[in-house]
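Chemist: If you want the building blocks of each chain, they are given just below.
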Amino acid sequence: MNKLYRQRWLIAFTLPGFLFFLFFSYFPMYGIIISFQDYDVFRGVLGSAFVGFDNFRTLFDMPDFTNALKNTILISLLKLLLLFPATIVFALLINEIGTSWFKKLIQTTSYLPYFVSWVIAAGIWYKLLSIDGGVVNGLLMSLGVIDEPFYFVAEPDAFYPLIIFTEAWKSMGFSAIIFIAALSAIDPQLYEAAKVDGANRFKQIWHISLPGIKNTIVLLFILNVSGLMRAGQDQMWTMSNVTVQSKAEILDTLVLRYLKDMGMMGYSIGTAMGIFQAFIGLVLFLSCNYLAKAMKSDSII
Amino acid sequence: MKTRKLEAFPILNGLFMLAFAFLCLYPFYYVLIVSFNDPLDAQRGGIYLWIRSFSIENYKAIFKTAELLHAYQITLFRVFVGSFLHLLLTAMFAFAITKRHFVFRKFLNWWILIPMYFSGGIIPTYVILDMLGLVNNLLVYVLPHLLVTFHILIMRTYLNELPPALEESAVIDGAGDLAVFWKIVIPLSAPVLATIALFIGVFHWNDWFTGFTYMTSEKLWSAQNVLLKIIQTNEASNIAYISRMNSSFKPTVTAESVKMAMLVITTVPVIVAYPFLQKYFVKGMMLGSVKG
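Which chain is which? The protein sequence lines are A and B, in order.
Using my numbering, read the first sequence as starting at 1344 and increasing by one per residue.
Using my numbering, read the second sequence as starting at 14 and increasing by one per residue.
No lab work stands behind these hints: they were computed from the structure.
Treat the hints with care, since some could be wrong.
[As the list claims (entries may be wrong)] Straight line, CA to CA, 30 angstroms or less: simulated DSSO-like cross-link-like pairs of lysine-lysine: (1) B/Lys296 <-> A/Lys1446; (2) A/Lys1590 <-> B/Lys196; (3) B/Lys77 <-> B/Lys242; (4) B/Lys196 <-> B/Lys296; (5) B/Lys112 <-> A/Lys1557; (6) A/Lys1603 <-> A/Lys1546; (7) A/Lys1447 <-> A/Lys1546; (8) A/Lys1590 <-> A/Lys1447; (9) B/Lys292 <-> B/Lys196; (10) B/Lys77 <-> B/Lys232; (11) A/Lys1346 <-> B/Lys292; (12) A/Lys1636 <-> B/Lys296; (13) A/Lys1346 <-> A/Lys1446; (14) A/Lys1557 <-> A/Lys1447; (15) B/Lys242 <-> A/Lys1557; (16) A/Lys1413 <-> B/Lys242; (17) A/Lys1603 <-> A/Lys1590; (18) A/Lys1346 <-> B/Lys196; (19) B/Lys296 <-> A/Lys1447; (20) B/Lys112 <-> B/Lys232; (21) B/Lys196 <-> B/Lys73; (22) A/Lys1603 <-> B/Lys232; (23) B/Lys112 <-> B/Lys242; (24) A/Lys1557 <-> A/Lys1636; (25) B/Lys296 <-> B/Lys73; (26) A/Lys1446 <-> A/Lys1557; (27) B/Lys119 <-> B/Lys242; (28) A/Lys1603 <-> B/Lys196; (29) A/Lys1346 <-> B/Lys119; (30) A/Lys1546 <-> A/Lys1413; (31) A/Lys1557 <-> A/Lys1538; (32) B/Lys292 <-> A/Lys1446; (33) B/Lys119 <-> B/Lys296; (34) A/Lys1538 <-> A/Lys1413; (35) B/Lys242 <-> B/Lys232; (36) A/Lys1557 <-> A/Lys1546; (37) B/Lys292 <-> A/Lys1447.
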């Protein structure tokens, strides 16, 4: 008791934090059980009737859900296959800049879009791509590429290219940081030696730069693959509109729609969706990590 | 031929990089010039490089619309109150769990680590926050964001690296934990507190999700929420929306042009803080990756 009294300030300092995680992390974790219930707001988490795996069975029969699942995987894969290599190439190209102030300038500029919210980014790009007076349509028309304004944001076929492009615009510069840092850790003597041996710039990149950041690439690839079930909630919610919704609906936005539009009817199903998503994410993470270990590369755990 | 081709590479690369930098900056510049152009003139289109007819009507319209100002006040409230309390609680918690003799140290380390990997998800969190009475309550902007495990870990690492002699001498002079915390630890932690303040400040400024999810009453929305609503509705209903907010609204501005001014106002603080942001976020990203 005496010891506790002597540490009373330390206890007082951590009590808010203890309660914070109890209320805002652990209680919601416990709340997961509503996915096994027919949740009723008036009976609460403790009183609602249990229905076993019924909600999950319902889930897999819902066209909404299968469509959102398909979109989630498609969008994530497109981002992974196009943007992941593009980010590495971007980092390699930045690394090739010889003048250090120019390199710094480009890097600093490339982060800027990362710090504004997706709400702002969507607002800006909606304006740039707008059909009345948008600069992109103006430019394309004066170049004679198109005769009349193209409604970029309302054309379902243009939606995925738009998503990939805006994602690159917003986050490629910032994602490249880790690769650039890894590249700067490579011993410059290796490049000197390669030059003496007559290796040109592309051979140097291929034989020194890329192998030098191999571990970083594998590590980030694992992280990216385990995020496959998350296709970018902020981006999808802000960049989409009714005309493209069937293409833009991903699991995260569907859960949000269930919460906002379906009232408490949607709570149990929506929670089941969240659990499914987290479970697949965990499986992906563990299997990628296992593969990376098998390849004798770095693993995360 | 071959050597000339190789020498062309730095030039091509430089040009490519310039194009990339232009692409990053121009969209912001474009919104800026449209927002300062006369709204009715801007409707004719064709403003790409500079302001054709200067006007501050759009900004006037925003400052005359009480609801828009109110939304910015809510954003400022959460940025300042939310970030301040976040810093205070993070520092207190991190300070306590660096004390090796603290009885609950081990337990609390686990207590904060588990939520880093597991979460209840959107709907269970909503259900709990609803039970706590936080739906349509301004406190929802502050309370669920009071602590972030990652920030506690950054602070803990920093405190562990402080020379222990400073504290020891204070303890010998008879200072208790409270005095050590306020008089020694807080003043010495300025750099790490600045880093965390930027992280959480940008989060509070940019977050639209909390307002969208927990505020069914539009009166309690933050600036990001109002902006999102304006972006996602079409021109005609926007004019209705803004004139409903502001009865003295005359069509000297268009909803589109007011939107541009709102985008500028909501982006400016980020640009002002940018020199610090980019420095500290890059550091934070490296910390995260090393730890991960």
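Chemist: Hey, B/Lys119 versus B/Lys242, does the alpha-carbon distance stay inside 30 angstroms?
Modeler: Violated, at roughly 46 angstroms.
Chemist: Is B/Lys196 close enough to B/Lys296, meaning Cα to Cα at most 30 angstroms?
Modeler: This hinted pair holds, its Cα atoms lying about 27 angstroms apart.
Chemist: With a cut-off of 30 angstroms on the C-alpha distance, tell me whether A/Lys1346 and B/Lys196 pass.
Modeler: Roughly 24 angstroms between the alpha carbons, so the hint for A/Lys1346 and B/Lys196 holds.
Chemist: Within 30 angstroms, alpha carbon to alpha carbon, are A/Lys1546 and A/Lys1413?
Modeler: Answer violated: A/Lys1546 to A/Lys1413 is near 40 angstroms, above 30 angstroms.
Chemist: Is A/Lys1603 within 30 angstroms of A/Lys1590, Cα to Cα?
Modeler: Measuring from Cα to Cα gives roughly 20 angstroms; hence the hint holds.
Chemist: With the threshold set at 30 angstroms, check whether the alpha-carbon distance from B/Lys112 to B/Lys242 stays at or below it.
Modeler: violated (48 angstroms)
Chemist: With the threshold set at 30 angstroms, check whether the alpha-carbon distance from A/Lys1603 to B/Lys232 stays at or below it.
Modeler: holds (17 angstroms)
Chemist: Holds or violated: A/Lys1446 and A/Lys1557, Cα atoms, limit 30 angstroms.
Modeler: holds (23 angstroms)
Chemist: Given the hint that A/Lys1590 pairs with A/Lys1447, test it: the Cα-Cα distance must not exceed 30 angstroms.
Modeler: Violated. A/Lys1590 to A/Lys1447 sits at ~38 angstroms, over the 30 angstroms cutoff.
Chemist: Hey, B/Lys296 versus A/Lys1446, does the alpha-carbon distance stay inside 30 angstroms?
Modeler: Holds. B/Lys296 to A/Lys1446 sits at ~18 angstroms (cutoff 30 angstroms).
Chemist: Please verify whether A/Lys1557 and A/Lys1538 have alpha carbons no more than 30 angstroms apart.
Modeler: Distance of about 21 angstroms is within 30 angstroms: holds.
Chemist: Can the restraint linking A/Lys1636 and B/Lys296 be considered satisfied, given a maximum Cα separation of 30 angstroms?
Modeler: holds (28 angstroms)
In this structure, the hints that do not hold are numbers 2, 5, 6, 8, 11, 13, 15, 20, 21, 23, 25, 27, 28, 30 and 34, in rising order.
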